[in-house]
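A.B. asks: As a plain string of letters, each chain reads:
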Amino acid sequence: MVSTIQVRNLRRTYGDVRAVDGISFEVAEGEIFGLVGPNGAGKTTTIECLEGLRRPSSGSVRVLGMDPSAERRAITERIGIQLQESALPARLRVEEALTLFGSLYRHHLKIDSLLELLSLTEKRTTAFAKLSGGQKQRLFIALALVNEPEMVFLDELTTGLDPQARRSMWDLVRQIRDRGRTVVLTTHYMEEAERLCDRVMIVDRGRIVAMDTPGVLITSLGADTRIVFGAPGQDVSSLSRLAAVTRVERSDSHVIVYGHGDRFASSVIHALEDAEIVFTNFRTEEPDLEDVFLSLTGKEMRE
Amino acid sequence: MMRHAGAGNTTVVHRGSSVALRSFGSLVNVNLKLFAREPAAAFFTVAFPVMLVVIFGMIYGNEPDEMFDGYGSMDVSMPAYTALILGTVGLLGVAITTSSYREAGILRRFQATPMRPLLYIAADVTANLIMVLAGMATVLVVGWGLYGVRFEGQAWSVALAIILSGTAMFAVGYLIAGLAPTARTAQIIAMVTLYPMIFLSGATIPLEVMPESIHTISDFLPLTYVVRLLRGLWFGEPWGSLMFETSVLVGVLVICTAIAARLFRWE
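Protein sequences, first through last, are from chains A and B.
Here the first sequence is numbered in my numbering, starting from 689 and rising by one per residue.
Here the second sequence is numbered in my numbering, starting from 131 and rising by one per residue.
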């Protein structure tokens with residue numbers, strides 16, 4: 689894999705606050721790389737240093753072989769940027785926005801193909817202010833793609849979107865990658881990072897907590913699988929004697945059994961049937977990035 | 131260009147030097163369209179000055195008057211209303227648009243492109259000047275149609291003066307946008323600066339009808355020099371006799387641009 693982004697010991701301070709505190713990583717060509725962490729972890733500052741919008745306090749950043757803050761204009765010709773917070777003039781129409789932003793680049797896509805790609809064809813004459821949250825976000829992605837960039841930066845792409853719009857965004861990001869682009873994104877949704885990213889870098893308080901594929905991070909955690917079911921008023925203490933089970937928790941509404949191994953789920957079901965326990969809503973929950981974050985930082989991701 | 135050969139007919143490639151020109155053209159075009167869709171802007175640039183022409187024309191008429199060196203009240207009002215439009219678009223329009231674009235994150239979106247800041251500002255200034263000219267043309271047509279107002283200067287001289295005065299006023303607008311932390315503050319500063327100025331500079335009511343004490347205040351207002359310069363050139367005075375007014379406006383332009391350039395921020 690050819691690396692297209694190299695970051696060495698990146699630091700960025702605002703007054704006394706160390707927003708980014710010594711981060712080093714590389715991004716390979718054609719991968720979806722995710723910066724994951726809670727709000728205020730330093731994700732946006734990091735991505736903006738890559739985009740050339742912010743100057744690092746110290747450390748080195750190379751993107752497509754260039755220093756983004758020194759060669760900002762050359763870099764912006766070749767990358768696509770979706771900002772966490774931005775807007776367009778309220779009365780600017782979709783097609784006008786695409787034509788305008790296209791005209792700012794040496795090379796740009798025809799707007800019809802972009803409108804089609806982002807399912808905005810029917811909205812082409814709609815004013816920015818009249819678009820829904822998802823449509824606005826799709827327009828911002830269209831603007832990020834207008835110069836046919838080699839690399840796309842997406843900052844909090846799906847924040848504020850409903851689950852359906854979020855899923856269609858994920859499909860879109862995969863399409864962008866399938867066209868050979870490198871995608872760097874930030875998110876504070878662990879599920880999004882897990883499903884979408886080839887590799888994630890978990891950051892907290894400006895530092896890297898962990899970096900790998902979501903699968904490896906989860907496996908290396910060695911965390912238990914959870915089995916959750918309802919069994920009101922029945923004694924389930926016998927489950928804790930099973931070899932695959934590590935512990936059993938119960939509340940008024942449901943029972944949570946922790947354990948691991950290939951035979952974990954089947955042994956629990958057999959034990960429940962043998963003891964003639966009636967159970968409802970039986971489901972298994974694999975450990976996820978949320979658990980990885982919790983175990984590495986000692987705190988919940990969700991605010 | 132070979133790099134994109136595979137992309138087929140979905141892409142458009144432009145050669146280097148044309149990019150700046152093309153960006154400039156589309157920005158001016160978009161700004162004009164947005165202006166046309168903004169009722170408040172259209173009102174203050176076109177409808178409001180036309181209203182003044184009609185109302186003050188009905189009150190004072192356009193009979194030659196010794197107080198105005200033999201010109202009518204409406205004759206001298208034409209360059210004054212041009213100054214009024216320049217002040218309104220420059221101070222209010224530029225300050226409010228720039229600061230609210232910044233607050234909303236619109237400027238940030240532009241910052242994330244290869245466009246130079248200067249190009250953005252040049253396009254903004256150009257679009258605003260075009261609006262001023264449109265407003266002024268409307269006022270002139272109405273004034274001429276209703277009261278037969280006179281124009282005795284040279285069109286190119288007046289055009290040049292409008293460009294100078296306009297850029298000076300826009301520089302003040304950018305300065306206010308740079309100073310104000312929020313769009314709301316920018317709006318307040320712009321209004322507090324503009325409203326006394328349009329009444330005390332001769333832009334709405336000729337200074338001839340004002341007491342001496344007001345003239346003392348007027349001498350400190352940049353818009354007063356816009357009114358004097360435009361009025362002088364309008365009735366055929368040569369630039370040579372308007373050097374002081376010209377110098378003041380060049381001074382305002384240079385100083386405000388220098389400070390505004392330092393204060394300008396995308397976010």
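Worth flagging that the hints you see were computed from the coordinates, not collected in a lab.
Keep in mind that a hint or two might mislead.
Where chain A lies over chain B, by a calculated footprint (3+ residues, C-beta under 8 angstroms) [unchecked claim]:
#1 155-165
#2 228-235
#3 241-251
Quick look at which bits of chain A chain B covers, simulated, 3 or more residues with Cβ under 8 angstroms [said to hold, decoys possible]:
#4 714-728
#5 791-798
These numbers come from a predicted model, not from an experiment.
We put the CB at the ideal spot given by N, CA and C, even for glycine.
A.B. asks: Which of the listed hints are broken here?
C.D. replies: 4
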